[in-house]
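J.: Generate coordinates for the entire structure from the input sequences, incorporating the hints supplied.
One line per chain: the protein sequences are A and B, in this order.
Residue numbering for the first sequence follows the working numbering, beginning at 96 and increasing consecutively.
Residue numbering for the second sequence follows the working numbering, beginning at 96 and increasing consecutively.
Hints are computed from structural coordinates only; laboratory data are not their basis.
Here the structure is a predicted model, which means the values were calculated and not measured.
One or more of the hints may lead you astray.
Pairs involving identical chains hold if they fit within one copy or between any two copies, as the list cannot separate such chains.
Unchecked claim - Taking lysine to any residue and the SDA-like style, the derived pairs with C-alpha atoms no more than 25 Å apart in a straight line are: (1) Lys273 <-> Gly397; (2) Lys350 <-> Glu222; (3) Lys273 <-> Ala171; (4) Lys437 <-> Asp240; (5) Lys273 <-> Val399; (6) Lys350 <-> Glu105; (7) Lys350 <-> Thr373; (8) Lys350 <-> Ala163; (9) Lys273 <-> Asp299; (10) Lys273 <-> Asp132; (11) Lys350 <-> Ile217; (12) Lys437 <-> Ala160; (13) Lys228 <-> Gly318; (14) Lys437 <-> Gln128; (15) Lys228 <-> Arg424; (16) Lys194 <-> Asn241; (17) Lys194 <-> Leu369; (18) Lys194 <-> Asp166; (19) Lys437 <-> Asp299; (20) Lys273 <-> Leu367.
Listed here are the chains, written in short residue letters.
2 protein chains.
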Amino acid sequence: MIQTILWKPEGVVMIDQTRLPLEEIYVTCQSYQEVADAIRTMVIRGAPAIGVAAAMGVAIGVQQADAAGLDAQFEAICAELASTRPTAVNLFWGIDRMKRLYASLRHLSHREITERLVAEAILVCEEDIEINKAIGRHGAPLVPDNSTILTHCNAGALATAGYGTALGVVRAAVEAGKTIDVFSDETRPFLQGARLTVWELQHDGIPATLITDNMAGHFLHSGRIGCVIVGADRIAANGDVANKIGTYGVAVLAKENNVPFYVAAPVSTLDLTLPDGTHIPIEERASAEVTHIQGVRMAPEGTVVRNPAFDVTPNRYVTAIISERGVARAPFTESLRELAAKRGSL
Amino acid sequence: MIQTILWKPEGVVMIDQTRLPLEEIYVTCQSYQEVADAIRTMVIRGAPAIGVAAAMGVAIGVQQADAAGLDAQFEAICAELASTRPTAVNLFWGIDRMKRLYASLRHLSHREITERLVAEAILVCEEDIEINKAIGRHGAPLVPDNSTILTHCNAGALATAGYGTALGVVRAAVEAGKTIDVFSDETRPFLQGARLTVWELQHDGIPATLITDNMAGHFLHSGRIGCVIVGADRIAANGDVANKIGTYGVAVLAKENNVPFYVAAPVSTLDLTLPDGTHIPIEERASAEVTHIQGVRMAPEGTVVRNPAFDVTPNRYVTAIISERGVARAPFTESLRELAAKRGSL
Numbered sequence: 096m097i098q099t100i101l102w103k104p105e106g107v108v109m110i111d112q113t114r115l116p117l118e119e120i121y122v123t124c125q126s127y128q129e130v131a132d133a134i135r136t137m138v139i140r141g142a143p144a145i146g147v148a149a150a151m152g153v154a155i156g157v158q159q160a161d162a163a164g165l166d167a168q169f170e171a172i173c174a175e176l177a178s179t180r181p182t183a184v185n186l187f188w189g190i191d192r193m194k195r196l197y198a199s200l201r202h203l204s205h206r207e208i209t210e211r212l213v214a215e216a217i218l219v220c221e222e223d224i225e226i227n228k229a230i231g232r233h234g235a236p237l238v239p240d241n242s243t244i245l246t247h248c249n250a251g252a253l254a255t256a257g258y259g260t261a262l263g264v265v266r267a268a269v270e271a272g273k274t275i276d277v278f279s280d281e282t283r284p285f286l287q288g289a290r291l292t293v294w295e296l297q298h299d300g301i302p303a304t305l306i307t308d309n310m311a312g313h314f315l316h317s318g319r320i321g322c323v324i325v326g327a328d329r330i331a332a333n334g335d336v337a338n339k340i341g342t343y344g345v346a347v348l349a350k351e352n353n354v355p356f357y358v359a360a361p362v363s364t365l366d367l368t369l370p371d372g373t374h375i376p377i378e379e380r381a382s383a384e385v386t387h388i389q390g391v392r393m394a395p396e397g398t399v400v401r402n403p404a405f406d407v408t409p410n411r412y413v414t415a416i417i418s419e420r421g422v423a424r425a426p427f428t429e430s431l432r433e434l435a436a437k438r439g440s441l
Numbered sequence: 096m097i098q099t100i101l102w103k104p105e106g107v108v109m110i111d112q113t114r115l116p117l118e119e120i121y122v123t124c125q126s127y128q129e130v131a132d133a134i135r136t137m138v139i140r141g142a143p144a145i146g147v148a149a150a151m152g153v154a155i156g157v158q159q160a161d162a163a164g165l166d167a168q169f170e171a172i173c174a175e176l177a178s179t180r181p182t183a184v185n186l187f188w189g190i191d192r193m194k195r196l197y198a199s200l201r202h203l204s205h206r207e208i209t210e211r212l213v214a215e216a217i218l219v220c221e222e223d224i225e226i227n228k229a230i231g232r233h234g235a236p237l238v239p240d241n242s243t244i245l246t247h248c249n250a251g252a253l254a255t256a257g258y259g260t261a262l263g264v265v266r267a268a269v270e271a272g273k274t275i276d277v278f279s280d281e282t283r284p285f286l287q288g289a290r291l292t293v294w295e296l297q298h299d300g301i302p303a304t305l306i307t308d309n310m311a312g313h314f315l316h317s318g319r320i321g322c323v324i325v326g327a328d329r330i331a332a333n334g335d336v337a338n339k340i341g342t343y344g345v346a347v348l349a350k351e352n353n354v355p356f357y358v359a360a361p362v363s364t365l366d367l368t369l370p371d372g373t374h375i376p377i378e379e380r381a382s383a384e385v386t387h388i389q390g391v392r393m394a395p396e397g398t399v400v401r402n403p404a405f406d407v408t409p410n411r412y413v414t415a416i417i418s419e420r421g422v423a424r425a426p427f428t429e430s431l432r433e434l435a436a437k438r439g440s441l
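T.: Below, the structure written as structure tokens:
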């Protein structure tokens, strides 16, 4: 199984997702600042994986802090990690989980606090894999047999601690004996589909076909695609879904062609504090991601760029949201509230 | 003004569109085979430009043919040029125009035939610029003032003999005093938008913003886009439009967000022999265009790819088709037949 992120005595070890698939290089972050940089520069990406990285970042930060004035240092660690990327709510979920635990441990010694936070971060990582397997179990029955699944970006093992959300559903469907293959949008500008999804599926022997993002409509219209499954970076209370830029377009094209559009995500991706997707902050990234590809300039000097990293898909395009606690359908305000209330039911 | 293609005594001179924008290199094709290669490898691309190149290819082929057995050589020249790319009907239109002329010249000497065919090819080139200016005049009133125009691929000066079809409408709107700017889809895999459209608009001082293809939906949904204008490679009798892959997706997203979707193309792009777009042959190009960018590998070794170069936009998504003879609206079967019948009215 692909190991995205791992706690080791020497630090937080991550596979460098900026180098895949040409090079399989593991980096070791030895401070919370290095973890923050890894999130910011997308050495690690994918909402659930970012949640795990944030928890581990807090743990390594506390481990290396001075025993004196720990509260203030803890706040600084959390603030630095929270500043890395704005859209994926799992980042804040991971930090908040560590904050709640820290608040309950303040009577303990620095060493004891560190041990508990490290154990918690490892637990967050291990739980994420179990969550994804549960998402797979709930999602697999929705996948039509003998069909092609279209996915966008990488919501796979590399976007999580392992197994994946959208690709977890794919894996579970394959494990259930279904004959399926995957069409992967390349997902500009960062090419998560071309670089990560295809690599991951090759690893598992699941047939994958790479297309450019602008081909999705053509193949949805052709009748070739049985369903779309994507991940999510944040889901508002009404079921509006923030996910990788281009998801909205795929969703509209799926609906136009009567192809089911599924979102696979853990409950930690829900943000029930936001009534709808218009309140989700959308990260705008550097122009060079668009003007250059792997360091090679494509567009002329002086090109003006817009580079929103995410978009919001209104709930009316979402057939269902697949979580570790079950499948939510419209009206999502009710079904998502129910999922969120099923605490501890994983 | 940007010179896409030019007849010179030493051969057919083209700006190499595979090298733009990083290098402005002109290549000289000294035989019809070199012209065919230039079309095939996309040194020159864009439906109207391909039509001009085909006409010049026929002319240079006849110029270099033996006087003996000219008919058979003429057939071979036309067949070779016709085999280069299947979708853009302008290619066949250009060849057919030369064939009709050749048929009327067979009583003349080889030298006289050559002179007439060369003159005709130069005329095809000059006429194309006039046609595009007329498209611009008809289209400019449709462009909302103080708005952003979204375009896909490059339907500009570089896709034609000069001035452009979709970008011809943009230029005419600017010349008419409208305050507009352009959002350009980068247009994977060949990056015509990033490499050619942005470059061309910079040349003319028209504000341009580059986005990846999968951002088009986001900006159409945001209310930022006043209208979409694209070119076409072939338009069936019912108004279904074959154009660069991704056009269908943009059209669906435009309609979903109540943004007008305009197609700008010369009458030579009409193929009234085809009742609808399902009959248009769609070229599938090499996998390496998708797995590699500017020679740099992106996807893993062994990646399976689909690479259709075009898609078909059903007529229900097309607000209007802007030609040099006027603007056609639904029902297109009637309006396009009327346009085609307005012979000589440019």
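J.: All hints are to be evaluated individually against the structure, with a verdict given for each.
T.: Hint check:
For the homomeric pair Lys273 and Gly397, the shortest alpha-carbon distance between copies (23 Å) is at most 25 Å, but the shortest distance inside one copy (50 Å) is not. For a Cα distance limit of 25 Å, the shortest separation of Lys350 from Glu222 qualifies neither inside one copy, at 33 Å, nor across copies, at 43 Å. Taking the closest pair of Cα atoms, Lys273 and Ala171 never come within 25 Å of each other, the shortest separation being 49 Å inside a single copy and 51 Å across copies. For the identical chains of this complex, Lys437 and Asp240 are neighbours neither inside a copy (30 Å) nor across copies (53 Å), given an alpha-carbon limit of 25 Å.
Proximity of Lys273 and Val399 under a CA criterion of 25 Å is satisfied inter-copy only: 21 Å between copies versus 46 Å inside one chain copy. Within a single copy, Lys350 and Glu105 get their C-alpha atoms no closer than 48 Å, and across copies no closer than 55 Å, so neither meets the 25 Å cut-off. Both within a single protomer and between protomers do Lys350 and Thr373 lie at most 25 Å apart by alpha-carbon distance, with minima of 21 Å and 21 Å respectively. For a Cα distance limit of 25 Å, the shortest separation of Lys350 from Ala163 qualifies neither inside one copy, at 57 Å, nor across copies, at 61 Å.
Taking the shortest Cα distances, Lys273 and Asp299 sit within 25 Å of each other inside one copy (15 Å), while across copies they are farther apart (55 Å). In this homomeric assembly, Lys273 and Asp132 never come within 25 Å of each other (Cα to Cα): the closest approach is 40 Å inside a single copy and 45 Å across copies. When the C-alpha separation of Lys350 and Ile217 is checked against a cutoff of 25 Å, the pair qualifies neither within a copy, at 40 Å, nor between copies, at 48 Å. Neither within a single protomer nor between protomers do Lys437 and Ala160 lie at most 25 Å apart by alpha-carbon distance, with minima of 36 Å and 81 Å respectively.
Neither within a single protomer nor between protomers do Lys228 and Gly318 lie at most 25 Å apart by alpha-carbon distance, with minima of 29 Å and 40 Å respectively. For the homomeric pair Lys437 and Gln128, neither the shortest alpha-carbon distance inside one copy (35 Å) nor that between copies (70 Å) is at most 25 Å. When the C-alpha separation of Lys228 and Arg424 is checked against a cutoff of 25 Å, the pair qualifies only within one copy, where the shortest distance is 20 Å, while the shortest distance between copies is 52 Å. In this homomeric assembly, Lys194 and Asn241 never come within 25 Å of each other (Cα to Cα): the closest approach is 46 Å inside a single copy and 49 Å across copies.
Taking identical chains as interchangeable, the C-alpha atoms of Lys194 and Leu369 lie at most 25 Å apart only when both belong to the same chain, with a minimum of 21 Å there against 66 Å between chains. Proximity of Lys194 and Asp166 under a CA criterion of 25 Å is satisfied intra-copy only: 10 Å inside one chain copy versus 85 Å between copies. For a Cα distance limit of 25 Å, the shortest separation of Lys437 from Asp299 qualifies neither inside one copy, at 32 Å, nor across copies, at 60 Å. In this assembly of identical chains, the alpha carbons of Lys273 and Leu367 never lie at most 25 Å apart, being 34 Å within a copy and 45 Å across copies at closest.
Checked against the numbered hints above, the structure violates hints 2, 3, 4, 6, 8, 10, 11, 12, 13, 14, 16, 19 and 20; every other hint is satisfied.
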